[in-house]
Amino acid sequence: MTTKKENAKRLGIYLLTVFAFMLIFVLCIKPMNASNTVFYIIYMIFSFSPAITSLITRAVTKEGFRDMKLHLRLSGNFKWYLLAFGLPLICFSAKFLLPVIISGHADWLGAFTAQNVLTSVFTLAAMSAVMSIGLIGEELGWRGYMNQKMEPLLGTVGTCIVGGIVWGLWHLPMDIAGCGGAMSDVFAMCGGRKIQLTLFGVFLMWLTKKTDSVFPAVIGHYMFNESQGALANLLYQGSIPENADLGVIADVFEYLPMILLAAVFMIMLFHDNSRTPKTA
Amino acid sequence: MTGLVYKEWKQNRWFILSMILCGSAPLIVLLIMHDEIKDIGDTPIRIGGLIAGFLAAGALQMLVLRGDDRKLWGYWITATPDGYKGFLRVKYEMIFGMIVLLMFSVQFVDMGYCAVAADMGKADAVQISGIALPLCFVQILLRAIDIPFVYRFGSKKGSFIKMICLVTVAIILLAFLILNAERFDMIIESCKKVINVQNSSLLLSVGLAVCLALYYLSYRITCKLYLKGVEQYDH
Chain E
-16 MTTKKENAKR LGIYLLTVFA FMLIFVLCIK PMNASNTVFY IIYMIFSFSP
34 AITSLITRAV TKEGFRDMKL HLRLSGNFKW YLLAFGLPLI CFSAKFLLPV
84 IISGHADWLG AFTAQNVLTS VFTLAAMSAV MSIGLIGEEL GWRGYMNQKM
134 EPLLGTVGTC IVGGIVWGLW HLPMDIAGCG GAMSDVFAMC GGRKIQLTLF
184 GVFLMWLTKK TDSVFPAVIG HYMFNESQGA LANLLYQGSI PENADLGVIA
234 DVFEYLPMIL LAAVFMIMLF HDNSRTPKTA
Chain R
82 MTGLVYKEWK QNRWFILSMI LCGSAPLIVL LIMHDEIKDI GDTPIRIGGL
132 IAGFLAAGAL QMLVLRGDDR KLWGYWITAT PDGYKGFLRV KYEMIFGMIV
182 LLMFSVQFVD MGYCAVAADM GKADAVQISG IALPLCFVQI LLRAIDIPFV
232 YRFGSKKGSF IKMICLVTVA IILLAFLILN AERFDMIIES CKKVINVQNS
282 SLLLSVGLAV CLALYYLSYR ITCKLYLKGV EQYDH
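First to last, the sequence lines map onto chains E and R. So in the working numbering, the last one in the first sequence is 263, and the numbering has no gaps at all. So in the working numbering, the last one in the second sequence is 316, and the numbering has no gaps at all.
Hints may contain errors.
[To be verified] Okay, derived cross-link-like pairs now, DSSO-like style, lysine-lysine, Cα gap no bigger than 27 Å in a straight line:
hint, chain 1, residue 1, chain 2, residue 2
1, E, Lys45, E, Lys192
2, E, Lys62, E, Lys45
3, R, Lys166, E, Lys193
4, R, Lys243, R, Lys152
5, E, Lys192, R, Lys166
6, R, Lys203, E, Lys13
7, E, Lys193, E, Lys62
8, E, Lys45, R, Lys88
9, E, Lys193, E, Lys177
10, E, Lys62, R, Lys166
11, R, Lys237, R, Lys166
12, R, Lys88, R, Lys309
13, R, Lys152, E, Lys52
14, E, Lys52, R, Lys88
15, R, Lys91, E, Lys52
16, E, Lys193, E, Lys(-13)
17, R, Lys243, R, Lys309
18, E, Lys(-8), E, Lys45
19, R, Lys305, E, Lys62
20, R, Lys243, R, Lys305
21, R, Lys91, E, Lys45
22, E, Lys192, E, Lys13
[What the hints assert, rightly or not] Just a sample of chain R residues kept apart from chain E, beta carbon distances all over 12 Å, derived:
hint, residue
23, His115
24, Glu174
25, Asn261
26, Asp266
27, Leu285
Please keep in mind that the hints were generated in silico from the structure rather than gathered at the bench. Glycine is no exception: its CB is placed at the ideal position from the N, C-alpha and C atoms.
Isolated chain E (complex conformation):
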C-alpha cells in the first residue's frame, strides 16, 4: 500500500522535473527563435516531457513501470472511445455555432453543408485513429501518472482543479514561443485556452479512470486540438463580415459548454468514487 508521504514525494519529483523542462524551454526561447532546428528539437522534447518525466520519476523512486495505463482496453470501452471523439466536437460546435445561431446570423454558416460537415467528421475520425499517438507524450504524464498520485492527496475535486491548472500552465512556454510577445500579451491571448484546458482536464481524468487506459484521453486531447481547427475552417469559408461582433453571447459561449462538460464529469467522478468500495 502506498502511503500519502510516498505519493507526495513521487508527485513532488514529477512536478519539479516537469517544471524543469518548462524552465529549459523558456531559457532556450532565444536560440529557438534564431534556428528552426533548435526550435524543432526543443519543442519535441518539451512536448514529450510529461511522459519522459513520468518514466524518470518511476525509475528514480523505484516505483516500477506497472499501471502505466498503456493497454488499449477496447473491449467494453469502445463507447468511451467514441465519447472521447464526439464530445469535444459537440462542445466546440456549441461554442462556435450556438452564438451565431442565437444572435440570428445563421446565414453566416453557409459552409456548414451536410457534405462539408460529414467530410470533416470522417476526416477527424480517421486522423484521430492514426495521428493522435504523439499526444501520448502528454497523457502518459498527466492522466497516466500525475492524476494518480494527486488524487489520494488532494481528492477528486482538488486533482481536477490543481491538475488542470498545472496542465494549463505547462502549455505557457509553447504559447510564449507562439505569441512571441510579453507575458501579459500571452495571458491575454491564451488565458481563455488555459481555463478551457483546466475544465477539459476533468473529462480526460474521468475517461482515464473509467477505461483504465490513457488512449481514450489521447483521442479526446487530439479532438480538443483538432476539432477547433476544423470548425474554424468551416466558419471562415462562410460569409462572416469582417467587423462581426456577437458581443456578450460569444463570451458566454466561449466557456459555457466546457463549464457544463466539467460539471457533468465532476459529478460522474463523484458518482463513480462513491460506488468504489473503500479499502482500509
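Guided by the hints, dock chain R onto chain E, whose structure is given.
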C-alpha cells in the same frame, strides 16, 4: 492480456522498432543519394524513399505473423483465459500500432528535415507526410486483407491463396471491362459523375474511415476462421 502483449513484444520487438527506421527511409535515401539532389531535386528523392519505406514496412508487418501457424500453439492459445480472440486482438492491435508508429516516425523525420532545410536556406523544402497519410490507410487496408488469409491457411499457403484470389478478381474486372468495351465511355462518365471535384474530399474521408471499419471487420472474420485454420495447419 498483459502476458500476450509481453509475448508479442519479446518475439517481435525488432520488427516493431524497425518501423522507426522505415519512417526514416526518406532521409536515409536522401543521404545515400545526396549526389543526385542537384539533378532530381530533394522532394522526388524523399517521396521515393517514403514509398520504399512503406513497402519495407508492409513486408515487416507481415513477418510478425510468422510462427503462429502451428497446430499446438493454436490449441494452446484457445485454451487460455484470453482465448484465441484475445490473441488475435493483440496481433491486430500490434500491427495497427506498427502502422501508427511508422506514420509518427515519417512525420517526425519529415518535420525535422524541413526545419534543418529551412536553416540551410532551402526555401523549397516541402513536407511530404501529406502523401504518407493515404499510404498509411492503404497499408491498413492491405493488412486487413492479408491477416485473415494467413490465419485461415497458414502463412505460406495463405499468401499463395491470397495471390490467386487477387488475380481472379483482376481477371473478372478485366473480363467485365472487355465485355463492356462498347460501353466503356459510359462507365467512365458514370464514374466521373460519382467522383467529382465537389464530393471527392467527402469520398476520400469516407474511404479513410471505411479502411478502419474494414480492419475491424477483418479481425471479426479472422476470429470466425481461426479454428478452421488451426485444423489445417501442417504441424
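Verification of the hints:
1. E/Lys45 to E/Lys192: At roughly 24 Å apart (the allowed maximum being 27 Å), E/Lys192 and E/Lys45 satisfy the hint.
2. E/Lys62 to E/Lys45: Violated - the C-alpha atoms of E/Lys45 and E/Lys62 are around 36 Å apart, more than 27 Å.
3. R/Lys166 to E/Lys193: Given that 27 Å is the threshold and the Cα spacing comes to 23 Å, the pair holds.
4. R/Lys243 to R/Lys152: holds, 21 Å
5. E/Lys192 to R/Lys166: OK: E/Lys192 and R/Lys166 at ~25 Å, within 27 Å.
6. R/Lys203 to E/Lys13: Answer holds: R/Lys203 to E/Lys13 is near 22 Å, not above 27 Å.
7. E/Lys193 to E/Lys62: Between E/Lys193 and E/Lys62 the Cα gap is close to 11 Å, so the pair holds against 27 Å.
8. E/Lys45 to R/Lys88: holds, 24 Å
9. E/Lys193 to E/Lys177: holds, 24 Å
10. E/Lys62 to R/Lys166: holds, 20 Å
11. R/Lys237 to R/Lys166: holds, 22 Å
12. R/Lys88 to R/Lys309: holds, 24 Å
13. R/Lys152 to E/Lys52: Violated: R/Lys152 and E/Lys52 sit about 33 Å apart, past 27 Å.
14. E/Lys52 to R/Lys88: Distance ~18 Å between E/Lys52 and R/Lys88 Cα, so the pair holds.
15. R/Lys91 to E/Lys52: With Cα atoms ~19 Å apart, R/Lys91 and E/Lys52 stay inside 27 Å; holds.
16. E/Lys193 to E/Lys(-13): holds, 23 Å
17. R/Lys243 to R/Lys309: holds, 17 Å
18. E/Lys(-8) to E/Lys45: Holds, at about 12 Å.
19. R/Lys305 to E/Lys62: holds, 23 Å
20. R/Lys243 to R/Lys305: Holds, because 18 Å separates the two Cα atoms, which is no more than 27 Å.
21. R/Lys91 to E/Lys45: Between R/Lys91 and E/Lys45 the Cα gap is close to 23 Å, so the pair holds against 27 Å.
22. E/Lys192 to E/Lys13: violated, 40 Å
23. His115: About 18 Å separates R/His115 from the closest Cβ of chain E, which puts it past 12 Å; holds.
24. Glu174: The claim breaks: R/Glu174 does not keep its Cβ more than 12 Å from every Cβ of chain E (closest is about 6 Å).
25. Asn261: Consistent with the label, R/Asn261 stays out of reach of chain E, its closest Cβ about 30 Å off (over 12 Å).
26. Asp266: holds, 28 Å
27. Leu285: Per Cβ check, R/Leu285 is inside 12 Å of chain E; nearest 8 Å; violated.
Comparing the model with each numbered hint stated earlier shows that hints 2, 13, 22, 24 and 27 do not hold.
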